[in-house]
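First to last, the sequence lines map onto chains H and B. First residue of the first sequence? That's 22 in the numbering used here, and the numbers climb one at a time after it. First residue of the second sequence? That's 28 in the numbering used here, and the numbers climb one at a time after it.
Just so you know, not all the hints are guaranteed correct.
Claimed, not checked - Derived DSS-like pairs (lysine-lysine); straight-line CA-CA distance at most 30 Å:
hint, chain 1, residue 1, chain 2, residue 2
1, B, Lys414, B, Lys467
2, H, Lys239, B, Lys467
3, B, Lys262, H, Lys239
4, B, Lys414, H, Lys150
5, B, Lys349, H, Lys150
6, B, Lys414, H, Lys239
7, B, Lys83, H, Lys239
To be clear, the hints were calculated from the coordinates, so they are not data collected in a lab.
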Amino acid sequence: MSVLSRRAAAMLVMAVCTVYFLTPLWWLFVGSTKPGGRGVGLWFDHFQLGTNLHAVLTYQDGIFLRWLVNSIGYTVGAAAIGTLLAAMCGYALAKYRFPGRETLFNIVLGGVLVPATALALPLFLLFSKAHAANTYWAVFLPSLVNPFGVYLARIYAASSVPDELLEAARIDGSGEVRSFFTVSVRLMAPALVTIFLFHFVAVWNNFLLPLIMLGNQKLFPVTLGLYTWNSQVDQRPELRGLVLVGACLSLAPMLIAFLSLQRFWRSGLGAGSLK
Amino acid sequence: MRRTLAILLLSTLSITACSSNSSSGDSSTGAAAAGCAPANGPVTLSFTSWVPDIQKVVDIWNQANPNIQVKVQTGPNGNGGTYQNFFNQLKAGNAPDLGQIEYDALPSFRVQDGLMDLGTCSDVTAAKDKFVDWTWSQVSFGEQGHVYAVPQDAGPMALFYRKDLFEKNNIKVPTTWQEYADAAVKVKAAGGYITNFSTGDPNQFAGFAWQAGAHWFTNDGTNWTVSLTDPATSKVAAYWQDLIDKKLVSAVPPWTDEWNNAYNTDKDWTWVSAVWGANTISSGAPKTSGKWAVAPMPQWTAGDQAAGDWGGSSTAVFKGSKHPYEAAKFALWLNTSTEALTALNKAASLYPAAKAGATLPALTEGVPFYGNQKIYDVFSAASAQVKPDFTWGPTMTQTYADAGDGFKAAASGTGTLLKALTDAQASTIQTLKSQSIPVKG
Numbered sequence: 022m023s024v025l026s027r028r029a030a031a032m033l034v035m036a037v038c039t040v041y042f043l044t045p046l047w048w049l050f051v052g053s054t055k056p057g058g059r060g061v062g063l064w065f066d067h068f069q070l071g072t073n074l075h076a077v078l079t080y081q082d083g084i085f086l087r088w089l090v091n092s093i094g095y096t097v098g099a100a101a102i103g104t105l106l107a108a109m110c111g112y113a114l115a116k117y118r119f120p121g122r123e124t125l126f127n128i129v130l131g132g133v134l135v136p137a138t139a140l141a142l143p144l145f146l147l148f149s150k151a152h153a154a155n156t157y158w159a160v161f162l163p164s165l166v167n168p169f170g171v172y173l174a175r176i177y178a179a180s181s182v183p184d185e186l187l188e189a190a191r192i193d194g195s196g197e198v199r200s201f202f203t204v205s206v207r208l209m210a211p212a213l214v215t216i217f218l219f220h221f222v223a224v225w226n227n228f229l230l231p232l233i234m235l236g237n238q239k240l241f242p243v244t245l246g247l248y249t250w251n252s253q254v255d256q257r258p259e260l261r262g263l264v265l266v267g268a269c270l271s272l273a274p275m276l277i278a279f280l281s282l283q284r285f286w287r288s289g290l291g292a293g294s295l296k
Numbered sequence: 028m029r030r031t032l033a034i035l036l037l038s039t040l041s042i043t044a045c046s047s048n049s050s051s052g053d054s055s056t057g058a059a060a061a062g063c064a065p066a067n068g069p070v071t072l073s074f075t076s077w078v079p080d081i082q083k084v085v086d087i088w089n090q091a092n093p094n095i096q097v098k099v100q101t102g103p104n105g106n107g108g109t110y111q112n113f114f115n116q117l118k119a120g121n122a123p124d125l126g127q128i129e130y131d132a133l134p135s136f137r138v139q140d141g142l143m144d145l146g147t148c149s150d151v152t153a154a155k156d157k158f159v160d161w162t163w164s165q166v167s168f169g170e171q172g173h174v175y176a177v178p179q180d181a182g183p184m185a186l187f188y189r190k191d192l193f194e195k196n197n198i199k200v201p202t203t204w205q206e207y208a209d210a211a212v213k214v215k216a217a218g219g220y221i222t223n224f225s226t227g228d229p230n231q232f233a234g235f236a237w238q239a240g241a242h243w244f245t246n247d248g249t250n251w252t253v254s255l256t257d258p259a260t261s262k263v264a265a266y267w268q269d270l271i272d273k274k275l276v277s278a279v280p281p282w283t284d285e286w287n288n289a290y291n292t293d294k295d296w297t298w299v300s301a302v303w304g305a306n307t308i309s310s311g312a313p314k315t316s317g318k319w320a321v322a323p324m325p326q327w328t329a330g331d332q333a334a335g336d337w338g339g340s341s342t343a344v345f346k347g348s349k350h351p352y353e354a355a356k357f358a359l360w361l362n363t364s365t366e367a368l369t370a371l372n373k374a375a376s377l378y379p380a381a382k383a384g385a386t387l388p389a390l391t392e393g394v395p396f397y398g399n400q401k402i403y404d405v406f407s408a409a410s411a412q413v414k415p416d417f418t419w420g421p422t423m424t425q426t427y428a429d430a431g432d433g434f435k436a437a438a439s440g441t442g443t444l445l446k447a448l449t450d451a452q453a454s455t456i457q458t459l460k461s462q463s464i465p466v467k468g
């Protein structure tokens, strides 16, 4: 009996949490089906999702689609390359001994503590000097940096890539870079997916960096674009509804990323537990 | 070899922020000193503005002026991040030639020496009479022979009221604040609120104080004086505090669906607001179409004719611009030519600061939402009644934030409006001191 009641209690807590987290998403979806963004309430009223979608995608000559493409461009590229760089860093810190290893790691870890707002102005001055402010690279390059990913990669490399395996690879004549890509990356796959997903979310939601760097509306990511629309609502009341629908649409790439990469996560839970 | 490769990769990740020591404003080599001379050859100007569809207006200019092309940059509104961007860009030396700056933000740019003095451009000084007086003093800070921006639009205030509800309940349309307070009691008895006191709009309150003759900030050339609690403001604060205490006004947060609902469901009957408020009401309270009218703002003394202002922007030329003559030429066209003013009004419902704006066709017609009344006539009269000597402080963002917090406390019953203003005054003086801006007190 007690096992059942414990399980029931756990399910109840989970159910409450699920409702808590999913209600805003539901509200957003329902709101984006309503006409003119009069989105208050948790149930449908004058369902017109198709009209709303059409309105968002054609407003201002389809600038919203451009913003979505920009976001995907910034995020997928930066997350992929950023994950690779973080993985290589973490792997090197875990698997090789060299003087200054711990100091370097502590400096990189210290980077996690620096808030984005403190870096905003120096980055802007740096890119202005290079005449690269208000360009694609101004947002892409700083997004490659992921100190937390380095930490994760180091931990995972230390625990899941056995030194013996690397020794064996060296004896067989494989170079370090080759054994990294053929052996270690496969072993570290779940960690890489985790780092990728964290980095993906961080870059997708990146708002402050595009705000200070960009002035050309065609380069905006979807976060900055929706914020700009939202700030014009007084002069353009129709934007109130479009912001809701846009926010709902902008969830799609993240949902796709998470749901499709989920299976790599699950397989990694047990890895490294058997030694 | 592989190890050095790895170390190289690691070191490129640590970006050292070697921020240069370029002092602000010095990057304007000889451009500022040259004054306002036309360039030889084609010129490209950059212009940052957040007016929706400003590109359409600029396209008209670009078509007609192949030698002076203007590139538009946009983003969120000034307080939503663009002002901070301007300051960053001035520091980095790559500020645009032209930027949209609201009147209450101009002093903060002036204090940082970010604005080019267009007093040397004869075209600009000659245009002084084309603008309503108080807008010119906003952009020239009262300095003779100097001007730092070209006024774009204005927000003269008036009284939006529900004509049908006032008539139905036999309540006279108030012409003085005393009558307004009396009407508030009658409206409460009839089941509504006369208006909503907005705790999130300290600049609306500033408009009230402006009408009453307050001077929040004065600058004698060296020192600033801050007085948010001068007699005129105290009078206004006491008046609204009284209405709040007697629960004759609602206190719904502005710019929300809740606020729209309050007007849409006949809960609130008036709004003392700026000319652009006409759009806010018509889009937020569509069910009340045809039932509104506009009257002049209530006065403190019967027979007075004073009005306040809420909002309005100017087009400024930033220091360091290499083509001040062309930039000034564009700014003047944007804000005085009929085609530009018509386009701006069409794109964003801007009410022009230029005197000629009052005669735009779009602004001389009756407006159906307001019972076909020619509401812009009231605003045109109000615009002429705004006092020309109200100065904003150099740290209005902070002043607004502090006043707004205090207002919220006052509306919820823990504190008064006067206390909010006293605290805001103290913290403003503190902020000015901490930024090494000379201030008395």
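> Does the structure break any of the earlier hints, and which numbers would those be?
Replying inline: 2, 3, 4 and 6
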